[in-house]
Amino acid sequence: MNMIKSMSKTTKNNAITYAMVIIAFAVVQTMVMTGNITSLMNGLLVPLCTYVILAISLNLTVGILGELSLGHAGFMCVGAFSSSIFSQLTVDVITTGWMRFSLAIILGAIMAGLFGFLVGIPVLRLKGDYLAIVTLAFGEIVKNVINAIYVGIDEAGVHFSLQDVTSLGLSETGLVLIKGPRGITGTPKDSTFVIGVILIIITLIVILNLMNSRTGRAIMSIRDNRIAAESVGINITKYKLLAFAISAALAGVAGALYAHNLSTLTALPKNFGYNMSIMILVFVVLGGIGNIRGSIIAAVVLTLIPELLRSLNDYRMLMYAIVLIVTMICTWSPKIKELRERYSLQNWIQKKKHAKEVV
Amino acid sequence: MEFLSYLINGISLGSVFAIIALGYTMVYGIAKMLNFAHGDVIMVGSYVVFVSVNSMELPTVVSVLLSIVVCIVLGVVIEGIAYKPLRQAPKLAVLITAIGVSYFLQNVALLIFGADTKSFQSVVKADPITFAGGQVVVSVETIVTIAACIIIVLALSYFMKHSKMGRAMLAVSEDSGAAQLMGINVNRTITVTFAIGSGLAAIAGVLLCSAYPALTPYTGSMPGIKAFVAAVFGGIGSIPGALIGGILLGIIEIMGKAYISSQLADAIVFGVLIVVLIVKPTGLLGKQIQEKV
Chain R
1 MNMIKSMSKT TKNNAITYAM VIIAFAVVQT MVMTGNITSL MNGLLVPLCT YVILAISLNL
61 TVGILGELSL GHAGFMCVGA FSSSIFSQLT VDVITTGWMR FSLAIILGAI MAGLFGFLVG
121 IPVLRLKGDY LAIVTLAFGE IVKNVINAIY VGIDEAGVHF SLQDVTSLGL SETGLVLIKG
181 PRGITGTPKD STFVIGVILI IITLIVILNL MNSRTGRAIM SIRDNRIAAE SVGINITKYK
241 LLAFAISAAL AGVAGALYAH NLSTLTALPK NFGYNMSIMI LVFVVLGGIG NIRGSIIAAV
301 VLTLIPELLR SLNDYRMLMY AIVLIVTMIC TWSPKIKELR ERYSLQNWIQ KKKHAKEVV
Chain S
1001 MEFLSYLING ISLGSVFAII ALGYTMVYGI AKMLNFAHGD VIMVGSYVVF VSVNSMELPT
1061 VVSVLLSIVV CIVLGVVIEG IAYKPLRQAP KLAVLITAIG VSYFLQNVAL LIFGADTKSF
1121 QSVVKADPIT FAGGQVVVSV ETIVTIAACI IIVLALSYFM KHSKMGRAML AVSEDSGAAQ
1181 LMGINVNRTI TVTFAIGSGL AAIAGVLLCS AYPALTPYTG SMPGIKAFVA AVFGGIGSIP
1241 GALIGGILLG IIEIMGKAYI SSQLADAIVF GVLIVVLIVK PTGLLGKQIQ EKV
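Order-wise, the sequence lines are chains R and S.
Going by my numbering, the first residue of the first sequence is number 1, and it counts up by one from there.
Going by my numbering, the first residue of the second sequence is number 1001, and it counts up by one from there.
Just so you know, these hints were derived from the structure itself, not from any lab.
Beta carbons are placed, not taken as given, at the ideal position from N, Cα and C, and that holds for glycine.
Keep in mind that the hints are not guaranteed to be accurate.
[Claimed, not checked] FRET-style restraints, in silico, Cβ to Cβ:
| id | chain 1 | residue 1 | chain 2 | residue 2 | range |
| --- | --- | --- | --- | --- | --- |
| 1 | R | 122 | S | 1112 | 26 to 34 Å |
| 2 | R | 13 | S | 1114 | 20 to 28 Å |
| 3 | R | 305 | S | 1131 | 51 to 59 Å |
| 4 | S | 1164 | R | 319 | 39 to 47 Å |
| 5 | S | 1003 | R | 228 | 38 to 46 Å |
[Said to hold, decoys possible] Straight-line Cα separation of at most 20 Å, EDC-like style, residue types lysine to aspartate or glutamate; simulated pairs:
| id | chain 1 | residue 1 | chain 2 | residue 2 |
| --- | --- | --- | --- | --- |
| 6 | R | 127 | R | 190 |
| 7 | S | 1257 | S | 1057 |
| 8 | S | 1091 | R | 224 |
| 9 | S | 1164 | S | 1174 |
| 10 | R | 335 | R | 314 |
| 11 | R | 270 | R | 341 |
| 12 | S | 1091 | S | 1175 |
| 13 | S | 1280 | R | 314 |
| 14 | R | 335 | R | 307 |
| 15 | S | 1084 | R | 338 |
| 16 | S | 1125 | S | 1057 |
| 17 | S | 1084 | S | 1175 |
| 18 | R | 238 | R | 224 |
| 19 | R | 179 | R | 154 |
| 20 | R | 270 | S | 1002 |
| 21 | S | 1091 | R | 164 |
| 22 | S | 1032 | R | 307 |
| 23 | S | 1164 | S | 1175 |
| 24 | S | 1161 | S | 1175 |
| 25 | R | 127 | S | 1057 |
| 26 | S | 1257 | R | 338 |
| 27 | R | 270 | R | 230 |
| 28 | S | 1032 | S | 1175 |
| 29 | S | 1161 | S | 1174 |
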């Protein structure tokens, strides 16, 4: 008891977040073990982990760095495709599944982080909505390019084409890596729920420790007041780039997890387009900007709502839209805020106390 | 000669982008919000024309007018229900609400009309005109689109400069607090802006679907995004900027499709946007705002 009391507020807060993930994992894992889970839910577990990682990593850009990014799915796409290509090339060389997969994840993270760094250099000079539109443009470019190119490999090296598979001119032993709009087929199915949760915890460790470090405080000071931060000697560009690249790298991890859960990986608007970026942003905003635990909860709840509403069929996305609008209005409308304050439980209790004291 | 017809097609597509971008730019300039649902108002406008021409058999002019009226009402209702309570809220909250409205409109359309593609009948019925001895063929839709764009931009510029409401809009976009102190009804000005933007969206929808006659509940979303890009490209908040941005974007897209790769056309459009913003961070005609401590 004493130990808990002596812990600082942030440590306690972080401990709750970790505990929440681990307990949720334990519950779901028992359900899987005892067979108390529908196949639909079972298939949803890995995507759920992907979304949670994406939401946490985007929260670093939006909540902690304070810049709006609408291209997070683009980084996820980079991570997904680079890790998927790596797995395909090394599937005969590295036969240990977990080792190949961890290398693939690391490669996916590095590639996405590199893209984040390269995109960040010009982009972070812009502000507000301009930054948002450029990140959106970047995401669309990545999706578009992957849909248009054909890549193959043989003894002579890597071949590229914009037309079709035959124009690659591969030798007989050659391997086609990306088949334009048909994407990548035959990625080993390495992702499991356990690996997903481990990756979530690694992501949490990275982000939560970053937030409470000197670097994290520097990043937050840029968010709160850029000019003041600059005047006390914080290198704005360096910290902005750092946060942006870490956020992108973690999205790459999510991409690798996502790619190794599918036998065919294609860059559709649905999974890597701006709709996906917006969906992740919705998780972050509804969970509370800058609040990591909120992001996790929002990602899980908002992924489950449409699935649980499956019986409503055509109405489920409509319900989703209404939930979004109503939540935002209930949180921010001044009239509803006033109502909430007037009828809140806390107020009621305080009034009672006050009344007693008067008596 | 091939080049000339591509150029004309580009200008025509660009005119549609410009009309949509005008709506984006005005709303952004005055309400300082990105109205992500703008693209879906286009879709609603197109469905109204589709239904009134095909099922109700109304004359074309009447159905276009009906579509404009429906969109204006829709725009005002959306603004009143979803955006007005959030005037003081952070930008991101408003953005998410706009995304919610966009999903809402798409899914309502999906419920009513289904996901299948409806073939939209062009609202202008006339044979294409040929120039230069049959080498350049220009459809009447193209000419109507370009003409509509020119008329709208001229009318809007006149309205902004010379009418009381237009000047009120300029004042609100400059400094809404000061405008309110001078006796301008800021809320009403914002509502009127939404009405004009949505009306323009209806016109854009009709023109877009006349040129590209496939209508689905998601028809509006990509042109909406492109028009947003056009607005940023030209400098968001500026009317001539939206026109220039829209037309340049249309030309780049058609030229990219014709000469480089039809699949990479979108990537080229977005790539050019990134280059422009890096060179000129507030768009082509955007105002450079000096940052104060």
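Going down the list of hints, with the structure as the test:
Checked against the given bound of 26 to 34 Å, the beta carbons of residue 122/R and residue 1112/S, roughly 44 Å apart, lie outside it. The hint said 20 to 28 Å for the Cβ distance between residue 13/R and residue 1114/S, and at roughly 48 Å that hint is violated. Separation of residue 305/R from residue 1131/S is about 56 Å and conforms to the stated range, judged on CB atoms against 51 to 59 Å. Evaluation of the 39 to 47 Å hint for residue 1164/S and residue 319/R yields a pass: the beta carbon distance comes to about 43 Å.
A C-beta distance of roughly 54 Å is found between residue 1003/S and residue 228/R, which places it outside the suggested range of 38 to 46 Å. Taking the CA atoms of residue 127/R and residue 190/R, the gap is near 40 Å; set against the 20 Å cutoff, the hint is violated. Proposed proximity of residue 1257/S and residue 1057/S is contradicted: the alpha carbons are some 37 Å apart, above 20 Å. With a C-alpha separation of about 15 Å, the suggested pairing of residue 1091/S with residue 224/R holds against the 20 Å cut-off.
At most 20 Å may separate the alpha-carbon atoms for a hinted pair to count; residue 1164/S and residue 1174/S meet this at roughly 15 Å. For the hint pairing residue 335/R with residue 314/R, the CA-to-CA distance comes to about 33 Å; that exceeds 20 Å, so the pair is violated. Restraint check for residue 270/R and residue 341/R: not satisfied, since their Cα atoms lie roughly 40 Å apart, outside the 20 Å limit. Of the pairs offered as hints, the one joining residue 1091/S and residue 1175/S holds, with about 17 Å between alpha carbons and a cut-off of 20 Å not exceeded.
For the suggested pair residue 1280/S and residue 314/R, the alpha carbons sit about 45 Å apart, so the restraint of at most 20 Å is broken. Our distance criterion of 20 Å between C-alpha atoms is broken by residue 335/R and residue 307/R, whose separation comes to about 33 Å. A distance of roughly 16 Å separates the Cα atoms of residue 1084/S and residue 338/R; the hinted pair therefore holds under the 20 Å criterion. Restraint check for residue 1125/S and residue 1057/S: the C-alpha separation of about 15 Å stays at or below 20 Å, so the hint holds.
Proximity of residue 1084/S to residue 1175/S is assessed by CA-CA distance (about 18 Å); at most 20 Å being required, the pair is judged to hold. The suggested pairing of residue 238/R with residue 224/R holds, with an alpha-carbon distance near 17 Å, which does not exceed 20 Å. The straight-line distance between the Cα atoms of residue 179/R and residue 154/R is roughly 15 Å, inside the 20 Å bound, and the hint therefore holds. Our distance criterion of 20 Å between C-alpha atoms is broken by residue 270/R and residue 1002/S, whose separation comes to about 36 Å.
Distance hint between residue 1091/S and residue 164/R is unfulfilled; the C-alpha atoms sit about 44 Å from each other, more than 20 Å. Only pairs whose Cα atoms come within 20 Å are accepted, and residue 1032/S paired with residue 307/R is rejected, the gap being roughly 35 Å. Taking the CA atoms of residue 1164/S and residue 1175/S, the gap is about 17 Å. The hint holds against a cut of 20 Å. Taking the CA atoms of residue 1161/S and residue 1175/S, the gap is near 17 Å; set against the 20 Å cutoff, the hint holds.
For the hint linking residue 127/R to residue 1057/S, the alpha-carbon distance of about 50 Å lies beyond 20 Å, and the restraint is violated. Distance restraint check for residue 1257/S and residue 338/R: the Cα-Cα separation of roughly 54 Å exceeds the 20 Å cut-off, and the hinted pair is therefore not satisfied. Among the hinted pairs, residue 270/R with residue 230/R is inconsistent with the structure: their alpha-carbon atoms are about 40 Å apart, more than 20 Å. Under the criterion of a C-alpha separation no larger than 20 Å, the hint pairing residue 1032/S with residue 1175/S is consistent with the structure, at around 11 Å.
Restraint check: the Cα-Cα separation between residue 1161/S and residue 1174/S comes to about 14 Å, which is no more than 20 Å; the hinted pair holds.
Of the numbered hints given earlier, the model fails hints 1, 2, 5, 6, 7, 10, 11, 13, 14, 20, 21, 22, 25, 26, 27; all others are met.
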